[in-house]
Amino acid sequence: MTRPLRVLSLYEGFFAGGARILHSDVVAGLHDGLRQQHSVLSIASRAVRDASVQEMTDDPRYRRLTAAGVQVHTLGRTAGDQPLDPEGYSIRELLTARAALIGADVVLSLKEQPLGLLVALARRGWMPDVPVAACLHRSDPVHSGAALSWLAEASATGLLDATVSCADATDEAYSRLGATPTERFVVPNGIDTRRFRPGTNEERARMRRALDIPAGAPVVVYAARFDAMKDPGLFLRSVAAHLEAAPETHYVLCGAGMTADNAALRELMTDAGLSPDDARLHPLGIRDDMPSVYAVADIVALTSAFGEASPLCLIEGAACGATPVTTAVGDAPTIVAGIGVVTPRDADAIAAAWTRVLAERPTLRAAALAARPRLDRARMVEDYRAAVSSLTAVAERAA
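The numbers in full-length UniProt numbering rise by one with no breaks, and the one at position 287 of the sequence shown is 287.
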């Protein structure tokens, strides 16, 4: 094939979440117009989820892709808590999707949810003969709901040619449930360490002033959307326990739904014995400047109950000098080995771990910063390039 490989990514929508951050970073990194030419078809143009309304054109991932020259098209749906069922697509939507697929050499589905669109086409006999890879980002597929059945159908019928998992835990979990296409790749997550870096003294002082955090006060950052998977209640109970030993600490909450006007979040704070108006709590919501936020953090905390595979917040925080403290979900224990702490899912144990980390900050900060080379995205992008290119033979047979 002398022309660039044309790769179409299918998104359920553009809304906050690590998988969208990761995949958009990969697409922007691969789109060079010479070897690979990427485009995106998004089922939704807006999302109402995680206690927030998120417009596609406002999303940083959308802006990043379009700035890189990646064409983004949408079917104009609204994404909610549940993905669109294959029978819910109109004829017009299916024909629009088919036209986009005919122009592609390889199709990447961001997670399993968009596979419902391809299943709908296949059931009608309208699916073009183009290789499909599902990019998977969970460690507990059973929480994918109906989308898991679409993945199984795509795998069983030969519609799905490959999976690209972000963690060994992801690959193993999906394969146990029947996602066994011809090709299976594992590509661990990476980040842009030029963007995620330790801030200068001036930059950190500026962010502390902006957040009204006193100089020298310990900072715990919690970067997670408001979702049961992330277990914000456990985080807040840990905050309450930790404040008893370290009342000078400040806690920064970032992510969709992590805002003061989210009644459910305020209720969780109250249930944990915290005052929603406590000046040491900083619910910031969705932020476009996470490197600056991580730069003032001593700890990046994760209290997830399930679903995590290779959590981006842990490596993003570590690259900025924060120490990851996480529950044992997905590949998190492997990610933080040597640079962080794994805790039980217990508020007192998590609070005690935060206290130990703060007492050993100089050593742990040095360890996190020393790990920056292995956290960089360059290896991830090239591994994705190789995985996509390996499907070229299938694409050429389809051409």
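The set of hints was computed from the structure by calculation and includes no laboratory data. All values reported here derive from a predicted model rather than from experimental measurement. Even glycine gets a Cβ: it sits at the ideal position worked out from N, Cα and C. You may find that some hints are simply not true.
[What the hints assert, rightly or not] For each label pair, taking beta carbons as the anchor points, the in silico distance ranges come out as:
id : residue 1 : residue 2 : range
1  : P344      : I102      : 49 to 55 Å
2  : E382      : A99       : 30 to 36 Å
3  : E382      : R209      : 36 to 42 Å
When you take the CB atoms of E382 and R209, is the distance between them in 36 to 42 Å?
-> 40 Å, holds
At the C-beta level, are E382 and A99 separated by a distance inside 30 to 36 Å?
-> Because 31 Å falls inside the window, the suggested range holds.
Supplied distance hint 49 to 55 Å, evaluated on CB atoms of P344 and I102 = Holds: the Cβ-Cβ distance is about 52 Å, inside 49 to 55 Å.
Hint compliance for this structure: no hint is broken.
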